[in-house]
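A.B. asks: Order-wise, the sequence lines are chains A and B. Going letter by letter, the first sequence gives residues 0 to 228 in numbering that gives the first Met the number 0. Going letter by letter, the second sequence gives residues 0 to 228 in numbering that gives the first Met the number 0.
Derived from the structure by calculation, the hints contain no laboratory data. Careful, some of the hints might be misleading.
Copies of the same chain are indistinguishable here, so a pair counts whether it falls within one copy or spans any two.
Unchecked claim - Lysine-lysine pairs mimicking BS3-like chemistry, simulated, CA-CA at most 30 Å apart:
hint: 1; residue 1: Lys123; residue 2: Lys52
hint: 2; residue 1: Lys147; residue 2: Lys217
hint: 3; residue 1: Lys179; residue 2: Lys223
hint: 4; residue 1: Lys117; residue 2: Lys191
hint: 5; residue 1: Lys223; residue 2: Lys26
hint: 6; residue 1: Lys217; residue 2: Lys40
hint: 7; residue 1: Lys105; residue 2: Lys117
hint: 8; residue 1: Lys105; residue 2: Lys221
hint: 9; residue 1: Lys174; residue 2: Lys217
hint: 10; residue 1: Lys185; residue 2: Lys223
hint: 11; residue 1: Lys117; residue 2: Lys223
hint: 12; residue 1: Lys142; residue 2: Lys26
hint: 13; residue 1: Lys191; residue 2: Lys223
hint: 14; residue 1: Lys142; residue 2: Lys211
hint: 15; residue 1: Lys52; residue 2: Lys145
hint: 16; residue 1: Lys223; residue 2: Lys105
There are 2 protein chains.
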Amino acid sequence: MAKSDVKLIGAWPSPFVMRPRIALNIKSVEYEFLEETLGSKSQLLLESNPVHKKIPVLIHGGKPICESLVIVEYIDEVWSPGPAILPSDPYDRALARFWAAYLDEKWFPTMRNIAAAKDEEARKALIDQVGEGLVLLEDAFSKCSKGKGFFGGDQIGYLDIAFGSFLGWLRAIEKMNGVKLIDETKTPGLLKWANSFSSHPAVKDVFPETGKLVEFAKVLAKLKATPPK
Amino acid sequence: MAKSDVKLIGAWPSPFVMRPRIALNIKSVEYEFLEETLGSKSQLLLESNPVHKKIPVLIHGGKPICESLVIVEYIDEVWSPGPAILPSDPYDRALARFWAAYLDEKWFPTMRNIAAAKDEEARKALIDQVGEGLVLLEDAFSKCSKGKGFFGGDQIGYLDIAFGSFLGWLRAIEKMNGVKLIDETKTPGLLKWANSFSSHPAVKDVFPETGKLVEFAKVLAKLKATPPK
Numbered sequence: 000m001a002k003s004d005v006k007l008i009g010a011w012p013s014p015f016v017m018r019p020r021i022a023l024n025i026k027s028v029e030y031e032f033l034e035e036t037l038g039s040k041s042q043l044l045l046e047s048n049p050v051h052k053k054i055p056v057l058i059h060g061g062k063p064i065c066e067s068l069v070i071v072e073y074i075d076e077v078w079s080p081g082p083a084i085l086p087s088d089p090y091d092r093a094l095a096r097f098w099a100a101y102l103d104e105k106w107f108p109t110m111r112n113i114a115a116a117k118d119e120e121a122r123k124a125l126i127d128q129v130g131e132g133l134v135l136l137e138d139a140f141s142k143c144s145k146g147k148g149f150f151g152g153d154q155i156g157y158l159d160i161a162f163g164s165f166l167g168w169l170r171a172i173e174k175m176n177g178v179k180l181i182d183e184t185k186t187p188g189l190l191k192w193a194n195s196f197s198s199h200p201a202v203k204d205v206f207p208e209t210g211k212l213v214e215f216a217k218v219l220a221k222l223k224a225t226p227p228k
Numbered sequence: 000m001a002k003s004d005v006k007l008i009g010a011w012p013s014p015f016v017m018r019p020r021i022a023l024n025i026k027s028v029e030y031e032f033l034e035e036t037l038g039s040k041s042q043l044l045l046e047s048n049p050v051h052k053k054i055p056v057l058i059h060g061g062k063p064i065c066e067s068l069v070i071v072e073y074i075d076e077v078w079s080p081g082p083a084i085l086p087s088d089p090y091d092r093a094l095a096r097f098w099a100a101y102l103d104e105k106w107f108p109t110m111r112n113i114a115a116a117k118d119e120e121a122r123k124a125l126i127d128q129v130g131e132g133l134v135l136l137e138d139a140f141s142k143c144s145k146g147k148g149f150f151g152g153d154q155i156g157y158l159d160i161a162f163g164s165f166l167g168w169l170r171a172i173e174k175m176n177g178v179k180l181i182d183e184t185k186t187p188g189l190l191k192w193a194n195s196f197s198s199h200p201a202v203k204d205v206f207p208e209t210g211k212l213v214e215f216a217k218v219l220a221k222l223k224a225t226p227p228k
C-alpha cells in the first residue's frame, strides 16, 4: 500500500487522534499525517466527516472512516496479517469494547470537565470521580491482562490504545492540579502499565510531552476566555 | 447450547434490550428472559453490571456481557455459524458502527429529551432536530443498503438492529406529539424499511406496540412527577 493511499486528518494534542496513529504503527502502515490548525477546520475535514466535523478521520484509498474506535477496528480488520489489536476470544473482545465505551462515555468526560469546574469544591469532586474510575480500571487491568504487562496481554491491544491515548492528558491534569491520580497505593498495576505503554515502540513517537500539553491547555483556556471578535 | 446457559436481563419497553433479543432470534438461540421490575433493580443485575447497573445484560455460561451493541457483536462472534449480523467488508462494518454510534450518542438522546422539553418552543426544536437526523439516516440507508431492503442488504444486520430498536419509541413519540417524522416525502427509503423491519420474523415478536409504549410513557411521567416518599 503506497503511503499516499493512507491519510490521517488529526492534530497532535488530541487523544482520539493518537488511537489510529498507534494502530497504524502496530500494523507498520505508513501514512500521511494532515495536521489541522487550531481554531479552524480544513475543507477536507468538513467534506470527510460532514456529520460530526471532527478529527480523527482516516482516508484509505479515497474513502473516509470516522470515529477513533471505529477507525482502530477498521485498521485491525483491513491490515489483518499484522499483529492483532482486538483480542481473539469473543468474551475478551466484549470486555475490551465495554471498557473502551466506559472510558469514552463516563471517565474521560469527567476528566475533561475538571478544567471548567466552577469552584474548588466542584474541581475536587471531579478529581475524586476520576480517581474512582481509575480504581475500576485497575480491576479491569488485572482481569484483562491475565498477569501480563498490557490489557491486551503480552502485546498492546484495543483497550491499551483506548485508555493509553488519555494518559498524556491525565499526566497534564495531575501536573496542573498538583495531584497524583495513578499511584503505587491505589493503582499499582496501572502505574507499571502506564510506563510500559508510553515507552512502547508503537506509541513513544506519538505520545505527547506533559509540558507541551500543559502549555496547550493554557492556550485553549485563553482562547475560550477571549470573546470572538 | 442449553437454553439455561443463555439468559438476558431486560425489560420489554427498552430499545436497548430489543437489540440482543433480535440478535439472538437471528441466530436462533433460545434464551431465558429475566424481566426487571420498573423502579427496582434485581440483585442479579447489580452483580452482573456493577459499573452501570443497567439493562440489558447477557449472561452466557455464567459470564455477564453488558452494553447493548457490545452484546450484539458478541452474539455475532460466538454464534458465527448463524446468519452474519455485521457486514463482512471492513469498510461496510466501519460505516455500520459509525451510524450506530451516531444513533446512540446524538440522535436518540435528542429524541429522548422531547418528553422533558421545558416549553413548546424547545419541544418543536427537538422534534426538528430528530427530523434532521432522519434525513441523514435516509442518506445512510441509500448508501448502506445498496438498493436492497435493509441497511444490511438482503438481510437485517447490525445497523438495522441499532436503529430499528428505536422505531417503537419513534412511533410512540409521533403519536404523542401529533407529528409524522418518517414519511413518504423526506424519508421514503426509511418508511419502507421501517415496515419491513418491524414485521421481520426475528423482530415482530419483540417489537413493542405503539399504544403500549404510550401508556408506559404516561406511567413513567407520573413516576417522575411524584416525589419519592
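A.B. asks: Going back to the hint list, which numbers does this structure go against?
C.D. replies: 2, 4, 5, 10, 13, 14
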